[in-house]
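**Q** Make the full structure from the sequences, and use the hints.
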Amino acid sequence: MLEARLSQSMVLKKVVDAIKDLVQDCNFDCNDSGIALQAMDNSHVALVSMLLKAESFEPYRCDRNIALGVNLVSLTKVLRALQNDDLVTLKAEDAPDSLNITFESSTADRISEYDLKLMDIDQEHLGIPDTEYAATVTLPSAEFKRICTDLQAMSESVTIEATKDGIKFSCAGDIGNGAVTLRNYQNVEKEHLNVDIELTEPVSLTFSLKYLVNFCKAQPLSDRVKICLSNEVPLLVEYLVTGTSYLRFYLAPKIGDEE
Amino acid sequence: MARTRASKGSNTAATDNSAAASTPKSNYTIPTPSKNPPKIFILPKKATDAARIVLLLHPRYAKPTRYLVCPETGFYEFTRIAAPKSTPRSWLIQADGHKPQEPDTDSKPVEKDASFGTYVTNGAELFVATPIDPLFLILPTLIDSSGKSEKRRYISSDDHFDRIQEESPHLWEILRWGEGRIRGLLEARLGAVCDTVDAGDERMFQFSEDKLTAELLSKARRMSTRPLPRSMEEKFVVKPLEAPVLGVKRKTTTSTTTTTSTSVPSEATQDDSSNSDSASGTPTLKIEASESASSDSSTESGTSFASDASTTVTSTIASEESTTESEALLPAMVASPEVVSLQRLRTAFSFLCSSYVPPSLATILHSKLPAEPGADFGVLDAYLSEVNRLKHEAAVARSAGDYTRKRVMDDEELAERAEKKRKKEEEEKRKKAGESRGVRDLKKVNTTGMKKMSDFFQEKGLRIYVKGEECTKLMYEKKCSGN
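As they're listed, the protein sequences go chains A and B.
According to this note's numbering, the first sequence holds residues 44 to 302 in order.
According to this note's numbering, the second sequence holds residues 7 to 489 in order.
Everything labelled a hint here was simulated from the structure, so no lab data went into it.
Accuracy of the hints is not assured; some may be wrong.
[As the list claims (entries may be wrong)] Below, computed lysine-lysine pairings styled on DSSO-like, alpha-carbon distance capped at 27 Å:
no. : chain 1 : residue 1 : chain 2 : residue 2
1   : A       : Lys269    : B       : Lys41
2   : B       : Lys435    : A       : Lys253
3   : B       : Lys458    : A       : Lys188
4   : B       : Lys449    : B       : Lys438
5   : B       : Lys245    : B       : Lys225
6   : B       : Lys449    : A       : Lys188
7   : B       : Lys458    : A       : Lys211
8   : A       : Lys253    : B       : Lys458
9   : B       : Lys429    : A       : Lys260
10  : A       : Lys120    : B       : Lys426
11  : B       : Lys435    : A       : Lys160
12  : A       : Lys253    : B       : Lys457
13  : B       : Lys466    : A       : Lys188
14  : B       : Lys430    : A       : Lys120
15  : A       : Lys269    : B       : Lys466
16  : A       : Lys160    : B       : Lys438
17  : A       : Lys260    : B       : Lys450
18  : B       : Lys427    : A       : Lys253
19  : A       : Lys188    : B       : Lys457
20  : B       : Lys429    : B       : Lys457
21  : A       : Lys120    : A       : Lys260
22  : A       : Lys96     : A       : Lys211
23  : B       : Lys450    : B       : Lys427
24  : B       : Lys430    : A       : Lys253
25  : B       : Lys450    : B       : Lys430
26  : A       : Lys96     : B       : Lys438
27  : A       : Lys211    : A       : Lys269
28  : B       : Lys458    : A       : Lys269
29  : B       : Lys457    : A       : Lys260
30  : A       : Lys269    : B       : Lys438
31  : A       : Lys134    : A       : Lys160
[Stated by the list, open to error] A few chain A positions that, by computed beta-carbon distances, are all more than 10 Å from chain B:
no. : residue
32  : Glu199
33  : Gly221
34  : Lys253
35  : Lys269
Idealized CB from N, CA, C, for every residue including glycine.
**A** Below, the structure is given as structure tokens:
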């Protein structure tokens with residue numbers, strides 16, 4: 044049986060909000076190390092991978108590996124009832140029909156309890172190797188979101204070019220073209236505004252902006268985002284949740300689509 | 007001791023055979039079937055007491071067949087009437103001792119005594135004796151002798167009948183009956199199909215195919231004066247003459263009827279009446295049905311009409327009217343009375359040939375038929391070829407352009423389809439409900455040039471979950487062992 048209590052209840056809500064626009068149904072794989080999720084979008088060009096480590100929960104108990112097949116829209120509906128400083132407890136049997144979600148108000152004595160019906164979802168599971176990326180850029184998540192939404196107005200795809208000078212997001216559309224370039228930036232006072240670029244070799248890849256904008260929905264999770272690029276390899280967009288828990292997005296680059 | 011059916015059977019077998027039916031020991035004993043059960047015959051009243059059933063060769067099949075021969079009134083063939091096997095019937099026969107009132111009807115030499123008893127036959131067979139021309143019975147022997155017409159010689163009737171003796175001894179027997187009356191009858195019939203020469207006081211006969219053809223034709227003509235028996239008429243006369251029904255009205259129909267009636271004014275009245283008569287024969291014309299009844303009755307009176315010009319005119323109008331009335335359903339062609347009667351004649355002739363004439367002779371007769379006066383089938387053949395052409399055209403037109411013959415769905419199928427559609431829609435709706443706007447929007451994204459994730463990352467295998475538990479790791483393990 045699973046019992047996981049999350050004090051930072053909003054994390055769960057934000058994670059689900061970030062994923063629900065990419066994936067419809069997915070399995071939350073629960074084991075003793077934490078709750079993991081891997082799912083692809085309908086086109087199978089993007090992948091979301093989430094890990095909420097056991098340390099994030101207080102307490103965390105999972106006797107057996109269970110997969111909680113959840114429709115994310117349904118889960119969102121339940122989580123809408125979640126209030127800001129509620130404690131969330133997830134409970135499930137060993138062979139569960141439903142997931143029990145309890146919200147406990149920390150201030151008032153108020154407990155709301157929901158049972159969410161589960162479903163059996165068969166899905167492909169991909170083994171994602173640890174990759175040495177040619178370019179790793181860490182930047183404020185709000186900045187990344189801003190760039191993506193701005194460029195989306197111009198075109199449907201963006202070319203991300205990482206050189207030693209900086210990282211350049213450029214696009215060309217029907218109405219013209221645009222580019223945003225970020226250079227290494229250090230702010231000692233406000234570290235979260237830093238832009239760190241680590242580069243082993245220059246990279247230039249093109250991605251669908253629609254997908255990137257979609258990934259940016261995870262922005263409330265963290266004020267930092269890490270973008271990793273390598274030629275011929277999917278882009279990795281990583282948001283750190285709490286501690287070492289993460290939410291990662293992978294997106295296949297566009298190849299041979301340059302006009 | 008257990009009583010078996012077999013022991014019962016042997017008991018009854020021991021009882022008197024002829025009185026098997028009248029052993030009322032038990033209500034349920036089944037009497038053994040009679041070895042020679044009575045049969046039911048319908049014999050002609052005019053056949054005398056001296057009439058006998060004899061075995062003669064069948065003219066067509068050359069097999070011994072039973073015929074009723076009466077020295078006074080001639081030959082009769084038996085027609086067996088029986089219920090089909092699928093609907094078994096039986097006769098209940100009772101002949102209780104006393105002789106029938108009229109000895110004429112009972113020409114069978116069966117002794118009527120008290121032991122005749124009551125019977126239930128296991129088949130409802132009925133034998134009806136109908137007159138047959140003895141000519142057919144002597145035909146096989148005639149043509150046996152006449153291999154080729156050149157070789158044929160004139161021979162006396164005695165010689166002819168001598169030959170018969172070898173084939174069917176019964177015939178020889180009956181020749182001596184009734185002070186040679188049968189013989190006289192046969193000789194007369196022989197004369198009808200043979201060229202004869204008087205040599206002294208004896209007549210010599212030589213078989214003539216032409217005469218036989220003429221003879222058969224006259225029989226056929228007599229047969230065809232009136233409609234053939236219904237099943238025959240339907241199959242051999244109405245059906246072959248029926249032209250396909252075309253939606254489009256053909257001008258030619260009216261024009262042909264008018265030309266025939268004007269060119270042959272004497273036949274005009276008859277033409278009119280039987281034209282509508284033939285039209286009523288085609289099952290598609292419903293409007294004509296009431297008319298045909300009245301015109302049928304006028305057929306008889308129509309012949310007595312004076313065939314002057316005025317009647318010709320009226321008949322033309324009548325025929326035109328009838329065609330315009332039933333414009334939509336009119337067959338492309340309507341057989342003229344001449345054509346119908348010719349078809350009837352031909353059918354009758356081939357019926358005679360196929361039932362009473364040896365096959366070899368039948369083919370000869372068929373080839374000789376067109377030469378016969380009054381058997382000009384030219385009009386009929388022209389009509390039939392036209393009908394065939396129309397039928398062919400109709401068939402081609404249908405196969406080419408008729409899409410309406412698609413299978414029509416019945417209600418059940420429709421309901422099933424509707425149900426399926428409804429289910430599908432429901433499923434879709436449910437799916438839509440579980441789909442966020444973002445997911446829907448992503449479906450519209452142009453993903454050309456983007457590889458699938460599985461191209462980059464190795465598949466660990468398909469995970470199948472049942473109630474949150476992985477139910478098989480087979481694929482996963484297979485992958486691992488492969489690596």
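**Q** Now, for every hint given, state plainly whether the structure supports it.
**A** Going down the list of hints, with the structure as the test:
1. A:Lys269 - B:Lys41: violated (111 Å)
2. B:Lys435 - A:Lys253: holds (25 Å)
3. B:Lys458 - A:Lys188: holds (24 Å)
4. B:Lys449 - B:Lys438: With a Cα-Cα distance of about 12 Å, the restraint between B:Lys449 and B:Lys438 holds, given a limit of 27 Å.
5. B:Lys245 - B:Lys225: holds (23 Å)
6. B:Lys449 - A:Lys188: holds (21 Å)
7. B:Lys458 - A:Lys211: Cα-Cα ~25 Å, so holds.
8. A:Lys253 - B:Lys458: holds (16 Å)
9. B:Lys429 - A:Lys260: violated (35 Å)
10. A:Lys120 - B:Lys426: violated (31 Å)
11. B:Lys435 - A:Lys160: Roughly 18 Å separates the two Cα atoms, so the pair holds.
12. A:Lys253 - B:Lys457: holds (16 Å)
13. B:Lys466 - A:Lys188: violated (32 Å)
14. B:Lys430 - A:Lys120: At roughly 25 Å apart (the allowed maximum being 27 Å), A:Lys120 and B:Lys430 satisfy the hint.
15. A:Lys269 - B:Lys466: Satisfied, since the Cα-Cα distance of roughly 26 Å is no more than 27 Å.
16. A:Lys160 - B:Lys438: holds (17 Å)
17. A:Lys260 - B:Lys450: Cα-Cα ~18 Å, so holds.
18. B:Lys427 - A:Lys253: Violated, at roughly 34 Å.
19. A:Lys188 - B:Lys457: Roughly 24 Å between the alpha carbons, so the hint for A:Lys188 and B:Lys457 holds.
20. B:Lys429 - B:Lys457: violated (34 Å)
21. A:Lys120 - A:Lys260: Holds, at roughly 17 Å.
22. A:Lys96 - A:Lys211: Violated, at roughly 34 Å.
23. B:Lys450 - B:Lys427: holds (25 Å)
24. B:Lys430 - A:Lys253: violated (30 Å)
25. B:Lys450 - B:Lys430: Satisfied, since the Cα-Cα distance of roughly 22 Å is no more than 27 Å.
26. A:Lys96 - B:Lys438: With Cα atoms ~32 Å apart, A:Lys96 and B:Lys438 exceed 27 Å; violated.
27. A:Lys211 - A:Lys269: holds (15 Å)
28. B:Lys458 - A:Lys269: Holds: B:Lys458 and A:Lys269 sit about 22 Å apart, inside 27 Å.
29. B:Lys457 - A:Lys260: holds (23 Å)
30. A:Lys269 - B:Lys438: violated (33 Å)
31. A:Lys134 - A:Lys160: Within the cut-off at roughly 12 Å; holds.
32. Glu199: violated (6 Å)
33. Gly221: Nearest chain B Cβ is 19 Å from A:Gly221, so the label holds.
34. Lys253: At roughly 4 Å from the nearest Cβ of chain B, A:Lys253 sits no farther out than 10 Å, so the non-interface label is violated.
35. Lys269: It holds; A:Lys269 is separated from chain B by about 18 Å at its closest Cβ, greater than 10 Å.
In summary, the structure is inconsistent with hints 1, 9, 10, 13, 18, 20, 22, 24, 26, 30, 32 and 34 from the numbered list given earlier, while agreeing with the others.
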